[in-house]
Amino acid sequence: MPAPTDRLYTKEHEWVKIDGANATIGISDHAQSALGDIVYVELPKPGATLAQGKPIGVIESVKAVSDIYAPISGTVTEVNGAVEDDPAKVNADPYGTGWLAKITITNADEAKSLLDAASYEQFLKSEDH
Amino acid sequence: MHAPHTDRDVREMLDVIGAPSLASLAAPPKGLEVKGAFDVAPALPEALAFAHLTELANNNLGARMTSFIGAGAYRHYQPPAVPYLATRSEFITAYTPYQAEASQGSLQAIFEWQTYICLLTGLDVSNASLYDGSTALVEGVIMASQATGRRRVAISRSVHPGYRAVLDTYARGMGIEVVELPVGEDLLVDMKSAAVKDLVAGAGAIIVQSPNFFGCIEDVAGAAALAGAAGALTIQVIVEAMSLGALKTPAECGADIAVGEAQSFGLPVGYGGPYVGFVATTKQHVRRLPGRLVGETHDVDGRKAYVLTLQGREQHIRRELASSNICTNQALCALFATIYLATVGAHGLRSIAAANMARARELRAAVLTVPGMRPAGSAPFFNEFVVHTPLPAALLTERMVRRGILAGVDLSRWYPDMPQSLLLCATELTSADDIARFAGALATEIDNAVAAV
Amino acid sequence: MLSLLFDQGAPGRGSDFVAPAGTPSDYLDAGLLRADLPLPDLAEFEVTRHFVALSHRNFSVDTNFYPLGSCTMKYNPKLNEAVAAFTGFTDLHPLAPDATAQGALELMWTLERTLSSLFGMEAFSLMPCAGAHGELTAMLMARAYHRDRGDDKRLTCIVPDTAHGTNPASAAMVGYKVVAIPSTPKGRTDIVALRAALDDTVAVCMMTNPNTLGLFEDDIIEMTKAVHDAGGLMYYDGANANAIVGLCRPGDMGFDLMHLNLHKTFSVPHGGGGPGAGPVGASARLAPYLPVPRVGKDADGLFSLQEAEPKSVGPVRVFASHFIALVRAYAYIIVHGAEGLKRNSELAVLNANYVRAKVKDILTVPYSDYCRHEFVCSAESLKKETGARALDLAKGLLDAGVHAPTMYWPHVVPECLMIEPTETETKQTLDAFCETLRALVKQAHDDPASMQELPLHTYVRRVDEAQVGRLANKGIGLRWTGEK
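Sequence order for the protein chains is A, B and C. Per numbering that gives the first Met the number 0, the very first residue in the first sequence carries number 0; after that it's consecutive. Per numbering that gives the first Met the number 0, the very first residue in the second sequence carries number 0; after that it's consecutive. Per numbering that gives the first Met the number 0, the very first residue in the third sequence carries number 0; after that it's consecutive.
Since the hints were derived computationally from the structure, they do not count as laboratory data. Note that CB positions come from ideal geometry on N, CA and C, so glycine has one too. You may find that some hints are simply not true.
Distance ranges between label pairs, derived from CB positions [claimed, not checked]: (1) Thr-105/A x Ala-200/B: 56 to 64 Å; (2) Ala-98/C x Ala-50/B: 36 to 44 Å; (3) Arg-437/C x Gln-121/A: 38 to 46 Å; (4) Ala-307/C x Glu-32/B: 31 to 39 Å.
With a cut-off of at most 25 Å between alpha-carbon atoms, the simulated PhoX-like pairs for lysine-lysine come out as follows [unchecked claim]: (5) Lys-152/C x Lys-53/A; (6) Lys-341/C x Lys-29/B; (7) Lys-34/B x Lys-224/C; (8) Lys-62/A x Lys-303/B; (9) Lys-383/C x Lys-62/A; (10) Lys-303/B x Lys-473/C; (11) Lys-44/A x Lys-473/C; (12) Lys-29/B x Lys-185/C; (13) Lys-62/A x Lys-382/C; (14) Lys-62/A x Lys-341/C; (15) Lys-88/A x Lys-44/A; (16) Lys-34/B x Lys-62/A; (17) Lys-10/A x Lys-111/A; (18) Lys-88/A x Lys-473/C; (19) Lys-152/C x Lys-62/A; (20) Lys-383/C x Lys-124/A; (21) Lys-101/A x Lys-111/A; (22) Lys-282/B x Lys-88/A; (23) Lys-101/A x Lys-44/A; (24) Lys-282/B x Lys-473/C; (25) Lys-53/A x Lys-176/C; (26) Lys-185/C x Lys-152/C; (27) Lys-44/A x Lys-282/B; (28) Lys-16/A x Lys-44/A; (29) Lys-224/C x Lys-29/B; (30) Lys-34/B x Lys-341/C; (31) Lys-310/C x Lys-10/A; (32) Lys-124/A x Lys-310/C; (33) Lys-111/A x Lys-16/A; (34) Lys-296/C x Lys-310/C.
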């Protein structure tokens with residue numbers, strides 16, 4: 000699944016889809032594939048403050064536990080309860096119904112340090128030698 | 000020697016490898032060869048080794064003495080079916096059940112152990128076992144600290160002192176503050192006192208052992224109420240697992256976490272181990288359970304199967320208080336306990352528990368007929384209790400050893416403010432003869448000591 | 000399928016174990032007693048059939064070959080089992096006065112002296128229950144040592160990137176931050192990278208030798224010196240000790256602290272996942288920090304448990320040790336002596352190199368040096384050519400009655416299989432193992448799709464770990480509930 004071009008990416012394989020002052024966060028298809036079957040997702044609470052690059056939650060698969068890092072700073076407005084209840088959604092539809100959290104952005108400039116879809120694909124290629 | 004290689008085997012294998020000698024493969028690099036001889040006795044042929052170990056075993060007089068010591072390790076009847084089944088090759092020489100297809104025996108047995116611990120404690124989930132009761136207490140503290148975000152716990156002074164010393168070791172290393180809840184003359188914590196309430200404020204857990212180290216049944220429900228008001232979790236410690244056959248469960252008392260020692264279920268006292276620790280908790284805290292967990296699932300053909308689960312969390316390093324580093328459980332010891340519980344069943348466990356209670360009351364009554372011996376409070380107890388002695392308990396126990404009797408434990412060893420107190424235990428293995436002999440010997444020794452003054 | 004105990008039995012079944020003594024309500028108020036005791040009552044023969052049947056569903060060293068790297072699944076001699084069951088040991092209470100436990104104390108004292116000599120340490124604590132427990136104990140000691148020196152800013156622990164997961168976990172438990180050092184193309188820890196990582200925040204460096212790739216760290220003396228010069232301590236993970244017992248010593252390599260796994264190197268059975276024992280060794284400057292009590296011997300030859308060590312980190316468990324496990328290790332040592340232990344190490348190294356030599360043309364062996372007691376190989380090429388992975392090979396081995404080797408670790412080798420035959424296997428077994436591997440690789444080429452179906456003949460086949468994981472996170476599926 001190629002990385003959708005309507006969003007930005009981090010080297011930790013999170014994506015952020017910015018819509019004005021708001022954004023939605025999730026993990027990439029590469030991430031869900033590398034993790035394997037996801038069995039648990041721990042998300043921040045609504046109202047929580049996120050700092051770019053800092054861990055905000057955890058995704059656990061059958062073989063590993065991975066931290067989720069904030070791609071951009073903001074305040075959590077909503078988390079995806081459906082994914083907490085059925086973590087398999089993140090595997091099935093990481094860019095759609097497998098979204099993790101919605102936030103209001105506090106520093107729009109931070110988006111400049113993120114990768115666009117093409118750069119992210121390039122990054123993935125370089126990682127996989 | 001158990002390696003099978005003949006000289007011919009070695010030569011043929013070296014040829015295939017293309018190496019000239021064993022030394023060329025195994026010898027250490029220059030500078031690391033061992034100079035001189037090791038301080039290790041020369042090899043003994045098997046029969047001599049057997050004889051030597053027989054002699055060492057015979058040299059443990061305490062194993063043959065009439066014993067009234069409990070204090071964290073309990074002498075109970077081990078039905079022969081337990082070791083007979085548990086020490087089968089396929090259990091004892093199996094590896095950790097990481098390959099589910101090759102380990103359904105071990106995995107189902109652990110699933111059954113987890114179930115037994117839940118049924119006995121009344122709580123929702125349990126893990127595949129821990130090293131022992133003392134490290135189980137530490138794990139419980141870590142769980143409560145993670146759950147509440149607080150690095151302070153309050154522990155009753157009537158929790159086994161050996162367990163508290165272990166907690167102190169870990170707490171120092173992990174930056175957890177441990178405050179002690181005082182114990183009254185009645186050998187219980189007064190859960191209604193203002194002092195205790197103050198000490199609990201800001202703690203992540205209240206830890207109370209019941210029956211406590213002195214044998215007394217504590218007010219765990221009272222502790223749970225205090226904890227609830229303070230936003231803390233309640234951890235009940237159980238050191239004499241046999242008490243779970245009779246007493247109110249941790250769940251019934253409102254405990255959030257139960258930790259303890261299951262040695263009483265079919266394991267010998269064995270000079271300290273191995274034993275088997277357990278931890279149980281409510282569903283809410285399942286992710287905080289340390290160590291291994293076995294869950295039920297299906298295989299590709301739809302067969303019911305058991306498998307280690309939630310392994311991702313096991314050695315993952317979290318940024319706040321780090322989770323446990325436990326890698327192993329005590330699988331074989333948990334198996335002993337599981338087979339014990341299966342063998343005795345509910346009706347057996349209840350009757351054995353009742354026998355413990357009966358013998359302990361007979362022992363206490365007999366001991367209190369000896370002039371100079373006084374009861375230590377009147378709190379309800381299971382199979383252990385404290386009595387006050389007219390002479391230093393250390394002196395009395397030493398005299399009794401000479402008579403082949405292990406007269407309980409001198410409490411001053413851990414509670415310097417109690418130099419004339421003995422902790423005594425009776426189990427279903429204590430006979431009326433044992434009790435009569437003990438009371439008689441005690442009376443004589445006290446007489447002699449008093450006369451000598 | 001075998002039903003659970005809780006779906007068997009009937010109320011009232013089972014033997015009489017004690018003379019009737021009434022019920023708990025005869026002795027205590029109902030308010031103190033539990034409402035019910037919902038355990039099954041079973042006849043002894045029901046229990047026997049159940050557990051005998053369960054035992055048939057296990058692989059074990061006594062029934063199968065276990066080439067599990069880093070686990071040292073060697074044979075567990077039955078002499079050890081017999082002496083471990085002596086009532087003179089099993090019936091001895093841990094609080095029995097020292098004068099009445101002289102046999103046990105002598106065994107512990109001798110074992111401690113023996114291990115100290117074999118590994119070049121000043122002293123050992125026999126207290127820790129397992130390897131990870133020993134690691135944690137050593138980390139507590141390292142922390143206490145630096146604190147005593149007034150140097151509390153040393154909060155970094157260095158590990159190679161090939162380290163076992165318990166190493167960083169143990170370090171993190173005492174508050175250390177873990178820094179990983181990469182390996183060189185020759186499979187050794189990179190000493191240049193190690194030197195670059197050394198500064199005055201380094202408390203301890205945890206290593207094993209041979210490393211987890213089965214290769215001897217040739218630069219070990221330079222490495223320990225570098226760490227010492229920077230003010231840090233060196234810790235030896237004894238998981239791979241089976242390659243060096245009687246041949247060389249961690250103390251001579253420069254290690255200050257170490258642990259052993261008696262259930263690996265010293266033949267104490269694995270028990271399906273414990274109990275083991277993880278004694279911790281220390282050099283002279285770290286020995287005062289060992290947990291107490293330890294066994295001492297006085298001028299009259301009397302043994303006793305000594306608690307008076309002001310610098311000790313304290314006890315890491317109640318009671319002195321997993322004594323019955325120590326009995327097994329002791330029995331193993333006395334029938335071998337130092338010469339026999341050395342011979343075992345040499346033959347373990349021989350067996351590993353033999354398998355490596357024969358596997359070289361079946362799978363990729365990434366390092367050209369001879370290995371020690373274990374080696375790694377990779378199924379990466381096989382995966383690229385056929386899609387079959389290390390996991391599929393491992394499952395295929397199960398059908399042949401061979402337990403899978405250690406897989407997917409260390410991470411530096413993709414599709415990794417870590418193979419450690421140990422010394423207690425015949426050439427015939429090793430030949431058969433290599434032929435099975437060869438046949439599986441051929442199967443992967445001939446019929447790639449069939450590989451994912453393996454195993455075919457075990458009691459259960461591949462299990463659904465995702466389903467159980469999702470439910471387990473909600474606290475479901477971890478016990479019998481009686482619900483249909």
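Item to complete: Please write out, lowest number first, the hints stated earlier that are contradicted by the structure.
Response: Failing hints, ascending: 1, 2, 14, 16, 19, 26, 31 and 32.
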